[in-house]
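Peer 1: Below, each chain spelled out in residue letters.
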Amino acid sequence: MATRTIAGKTVQVNEEGFMTNPSEWSKEIAVEIAKEEGVGELTPTHWKVIEFCRQDAGNGGKAPTLRRITSVAGVTTKEMFALFPKGPAKKVARISGLGKPEGCV
Amino acid sequence: MTEQTRKVAFICSKGDLDMAYPALVMGWAALGNGIDVTIFFTFWGMDLIRKLRQDHLEIAPVGNTSMKMSMMGVNTGNLGIPQIAGVLPGMTAFATKLMKDKMAKLGVPPVGEYLQMLVDGGAKLYACKMSVDMFGLKMEDFVDGVCDIVTAGDFMDMTEGAQIIFI
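These protein sequences, in sequence, are chains U and A.
Residues in the first sequence are numbered consecutively from 1, following our numbering.
Residues in the second sequence are numbered consecutively from 1, following our numbering.
Treat the hints as calculated values from the structure; they're not laboratory data.
You can take every hint at face value.
Using 25 Å as the maximum straight-line C-alpha spacing, the simulated DMTMM-like pairs for lysine to aspartate or glutamate come out as follows:
| # | chain 1 | residue 1 | chain 2 | residue 2 |
| --- | --- | --- | --- | --- |
| 1 | U | K78 | A | D148 |
| 2 | A | K100 | U | E102 |
| 3 | U | K78 | U | E51 |
| 4 | A | K100 | A | E113 |
| 5 | U | K35 | U | E102 |
| 6 | U | K78 | A | D120 |
Looking at chain U on its own, in the form it has when it is part of the complex:
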């Protein structure tokens, strides 16, 4: 398993760069990855989505799909694409320290 250092902390990542241990995640890490992903400054709405994903994933570390985020977290599809452009579910999963979302919808 590969590791990398984000925001001064060494974390485990898989071959696609997704963190594999959600408990290694911190808000500082989220801020750093958001910059890397081109999401930029994290607003309260970004945090609302990130927190929802963290909570939804629970201990298993499975990230929710975009459809799940929009239907449960109360954020519209349009907003998601505006908040996390170019692949919202994958980006938010990365930022939230979770695995790649699985599922076709």
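Let chain U serve as the given structure and place chain A on it in line with the hints.
Peer 2: Showing chain A alone in chain U's frame:
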């Protein structure tokens, strides 16, 4: 970021319920991967974006050799639905309901809602000019989210560099 964005274009030419989903599923996956999506609706495929037809797409057992009785929960292995039974009134409606129920169980949205998700995600939808003329349709006949009625040439222009998938 000077990296070129990958582009995918779908041509939807079929109006059957089962043929509506490939572009929706793949288009949604593409958007989820940061890929630009354009969908061109031609011929029967225009049913996917027609207000009158969108919620009434069907799947017919007649002529469909893949449709087996086991899909309906009858454990008959490879036994198909007899073609003669397929022509009975109500069989198409039955098969359609079966598919819609299965999709709903899997959490797959109906065609209209799915298309709206794609539009919200930035997909561009176009209707084919020649088909529109042939079917005697107007822009008002299409659901919100359809950008324009364009010619095949326009489509080629707007999909330069894109991977094109014909369905």
